[in-house]
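*Asks:* Going down the list, the sequences are from chains A and B. This note's numbering puts the first residue of the first sequence at 1, with every later residue one more than the last. This note's numbering puts the first residue of the second sequence at 1, with every later residue one more than the last.
Among the hints, a few may not be true.
The list makes no distinction among identical chains, and a pair is therefore deemed to hold if it is satisfied within one copy or across any two copies.
Said to hold, decoys possible - In silico EDC-like cross-links for lysine to aspartate or glutamate, where the CA-CA straight-line distance does not exceed 20 Å:
1) Lys216 / Glu341
2) Lys320 / Glu281
3) Lys11 / Glu341
4) Lys213 / Glu183
Calculated directly from the structure, the hints in this document are not laboratory data.
Protein chains: 2
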Amino acid sequence: MAQRPANGAGKPRPWAQMATTLVDVATGRRPADLVVRNGRWVNVHSGEVIPGTDLAIAGGRFAYCGPDASHAIGEGTTVVDAGGRHLVPGLCDGHMHVESGMVTVTEFCRAVIPHGTTSMFIDPHEIANVLGLPGVRLMHDEALAMPVNVHVQMPSCVPSAPGLENPGATLGVAEVAEAMGWENIIGLGEVMNFPGVSANDPKMAGEIAATMKAGKTVGGHYASPDLGLPFAGYVAGGPEDDHEGTRAADAIARVRLGMKAMLRLGSAWFDVAEQVKAVTEQGIDPRNFILCTDDSHSGTLVNEGHMDRVLRHAIAQGLKPVTAIQMATLNTAQHFGLEREIGSIAPGRSADFLIVEDLAGMKIDQVYARGMLAAEAGKLVIDIPPYDYPQSARNTVHVGRTIEAKDFDIKAPAGANEVRARVIGVIENQAPTKALEADLPVEEGLVAMDRANDICQIAVVERHKGTGKVVNALVSGFGYKEDCALASTVAHDSHHMIVVGTNKQDMALAANRLAEVGGGVVLFSKGRELALVEMPIAGLMSDERAEIVAAKAGRLTEAMRACGCTLNNAYMQHSLLALVVIPELRISDVGLVDVRTFEKVELFV
Amino acid sequence: MAQRPANGAGKPRPWAQMATTLVDVATGRRPADLVVRNGRWVNVHSGEVIPGTDLAIAGGRFAYCGPDASHAIGEGTTVVDAGGRHLVPGLCDGHMHVESGMVTVTEFCRAVIPHGTTSMFIDPHEIANVLGLPGVRLMHDEALAMPVNVHVQMPSCVPSAPGLENPGATLGVAEVAEAMGWENIIGLGEVMNFPGVSANDPKMAGEIAATMKAGKTVGGHYASPDLGLPFAGYVAGGPEDDHEGTRAADAIARVRLGMKAMLRLGSAWFDVAEQVKAVTEQGIDPRNFILCTDDSHSGTLVNEGHMDRVLRHAIAQGLKPVTAIQMATLNTAQHFGLEREIGSIAPGRSADFLIVEDLAGMKIDQVYARGMLAAEAGKLVIDIPPYDYPQSARNTVHVGRTIEAKDFDIKAPAGANEVRARVIGVIENQAPTKALEADLPVEEGLVAMDRANDICQIAVVERHKGTGKVVNALVSGFGYKEDCALASTVAHDSHHMIVVGTNKQDMALAANRLAEVGGGVVLFSKGRELALVEMPIAGLMSDERAEIVAAKAGRLTEAMRACGCTLNNAYMQHSLLALVVIPELRISDVGLVDVRTFEKVELFV
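Bound-form chain A, shown alone (with noise of 0.2 Å):
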């Protein structure tokens, strides 16, 4: 195994200072520090693959990119006979949350450097609702000590929904203002409060304001089918790209109002292949896409890939290897104002590419990052230090007592024998839910749950500022047949924890697990715990290796089954209910939200 020095010490100087070192390599006066010969040079500038070109590397950029670079081969030249396989640019995801693979950037970089990822554009959304902009800046930190690029974009709405949610902490103009200066904040994150947009909403209008007088990208969200005027106001508004879009019309009119349309094919999000019909069926110039993940879980990663999945997907679609590439390098490193440094073979740029057979395939053999071999044969070559996450990240699962069965119980209105209550309603495959309603059985007092109809409880306990508060309701859909209870500390956006049961005994048991571990998701039945997915660090991500949590995950999951739940992303539908901000109905840490309305409602109807 190489080594080499993770902490940002691997990071090249900047081309200013490396330029001489550069020219001298060039012309043959100095030597490389690594030589590829005979490659077929996917160049994503002129829109070719170019055989028999030669690289020639120094201090991680490219010195000499050509037919011939002999000249720079010295004694310490490393020399790589490329074969004739093609050389192409590293791979950059245009938007991505790193917590949604449930790891550390550490292991989420550990796990998709294999797949040809050299260059990621993160957003910590998640880790901003618990831990504030202290939690954006320890991903920022980890994010500058990787040895590939790693750039941060500043979450823009936190709370995703003020007065519906009390997160763990709370962002706004300042704290945006803020972090535009530090130095690997690259830009605003997703304005996914695009009504607000419209509306002229000061904190929007704010962040978007300060992120713009830095000289930043203005990362956007717009989730409305309406291409009319709402968007027309979103766009004059300043965000500056998009992964919201599904259908072909969505990307062509964000295309023509200057924006970047951000094909999106997360593990759970597919919205390439439709999109790109603008490019294959329209004629539409593909320069302003740029291809995303935007979610990966960490099976994904583990088992399907990365961007190099991406790439397979939208090749297969009909476009052409090299366009494709171009939305994955050039135009994702141009959009962010980073084309001088990253997203092509080129002189100057960050030695990142990667040594590849088939290029439809993307099978990839070799990635180099930063000049030096980084994985091969889909196994990574260098160490990458464990990130040492403070105590402060690690402990954040504040429920402030021992919570007990009856902190579940739902009180009936007094003499009731049956009540008829709002019930949340899970929807296969799909983000929003139902607003239902069912009749319910009083027993001593107490709401009952209605297992033959497929109605259980859900709680959210508060879990940032340790008050014991837990909000009771009842949700149908997940098909538990068993006792049994799933507790999860990811609960979107505000991430408390949410707890789902047919038995308040399960319930408390996970709870209090969830409590003792800080955080993750785990899952009781009668008493015994079944499967765990430690998070401790802001009850958000493991530091073990993405594989280790993909297992876990892969267990939790036939645990599900074997209780009863058959959805097919049972996990996200759960973790996904209490998102105050996606119709219909939801559940926070302030009670019951119909979220047609934006109003908070009673629980019995």
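Model the placement of chain B on the given structure of chain A, informed by the hints.
*Replies:* Just chain B now, with coordinates in the frame of chain A:
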């Protein structure tokens, strides 16, 4: 004529400050200043032409671009019917020298706005050679006062040939670093000392590093057909564009290495047709191609046009109109980091646009700059107040004394009846000269001219420091048949005074006349002034209208013809004879220079 403040006050406020207004207009909560209805939107982002498009403009920026802007029309809104004509983004000239027009920035703008140019990237290299950094600052400040976007590139190579000439001022790393802090400096002007970059000349490396550090764009100038290691070294050194290519292979080489290929159509440069074949015949991605003029004489501006002329020509070579327009709008804006500010018709951008009936013909009906009608049917309809150049810029021709005919005496070696002398040979339609030799008679101890063999005298009169120094030599190729002399204070690049004459009396008269009027170009014959173009600003620019200057320059050309000079660009040939960076033989204030060896040589062989 519309009233508008032109002293920079016409510049729209930054998007960050305007955003809430733009959002209000886009969503119909506030009326626009201007609405244009029913146009064909030339969309340089998507590469489409979209019929039935309306635009709404407020505060000089686009607020809405889409199918129907009726919601943005209020009582005070001006409504323009485009009648199905094209809406084209205002054109950008990616690299040019205002001084080549022999007029001020103000008069240049007045001349080119009716031709659709609304953004220029100017390199005041000539005034820098006369007045140094204060001269650059003057044009920088004049540029800021314009009603269109004039961005300034800081000259990089003053002097052009250190040691072989003494210009009026010297610029170096310190001056470049200082200028990078000025608000209107967009980058470094063409780095023409290309051997210096490949050789790591500290001044070149230092200037490039200072520019990179400021995050600004490094302009290139690689004037050699060698695309091997010297070119590789040049690119590794940092220049980001180049307008000196002439062949398709030149453009391709630049684009492959991550530079922008700037294709030039100036008054005397015809470099578009060959290079654009890289796109039209070889399928290279056009996104990294940019159109520019470099040098346009006032006659070209008045009689043929500016960027509209370049576009007509580029389209006539087989480019799709929208692709050609991208090369003169979006591509240019993106190159200089201004994509969110200029170069397209899209929300937030400065409302610079043209109304054009026939796209391929590029006949422009109306030009809007910053949301106001600036020109119509080829005529400027706004007032641009003259910019007041200080006396220090108007009093730059210091010959130190009255020049007399005997100052042009060339003394023969003692006792010689005949001498063999070096002669600068002008080549029709080419910038290089020939290093000729000739045998000349000696009369009364002085070398005599040989009008029969078209050999006359050339002199450089020092005019920056008033030393009274006159350097004499011989030139052939102008074809003067009469007694006459032409003097010019435009004398690239050090801009002393070049006098060419068939008799010494006229040479003295011409030199003294330029000293009297503060510079320009003048033709004397037999003691009579035949033509004069006054250029009192730095001896390089008139402050009269381009039409007047063009008319005077036209009379000069006629008068030169009458004296027997039949060269195509005789005045240009004259003004380049001191350009001691282009082979073979030149003259400077230092003496005769062999530019093949970069050495001073004696007049007599």
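*Asks:* When no copy is specified for Lys216 and Glu341, does a C-alpha distance of 20 Å or less occur within a copy, between copies, both, or neither?
*Replies:* Both, since 15 Å and 14 Å are each at most 20 Å.
*Asks:* For the identical chains here, do Lys213 and Glu183 meet the 20 Å Cα criterion within one copy, between copies, both, or neither?
*Replies:* both (15 Å within a copy, 14 Å between copies)
*Asks:* Reference check for the pair Lys320 and Glu281, CA-CA at most 20 Å: within, between, both, or neither?
*Replies:* both (13 Å within a copy, 19 Å between copies)
*Asks:* Within a copy, between copies, both or neither: where do Lys11 and Glu341 come within 20 Å Cα-Cα?
*Replies:* This pair counts as within: shortest intra-copy Cα distance 11 Å, inter-copy 32 Å.
Against the hints set out earlier in the document, no violation occurs for any number.
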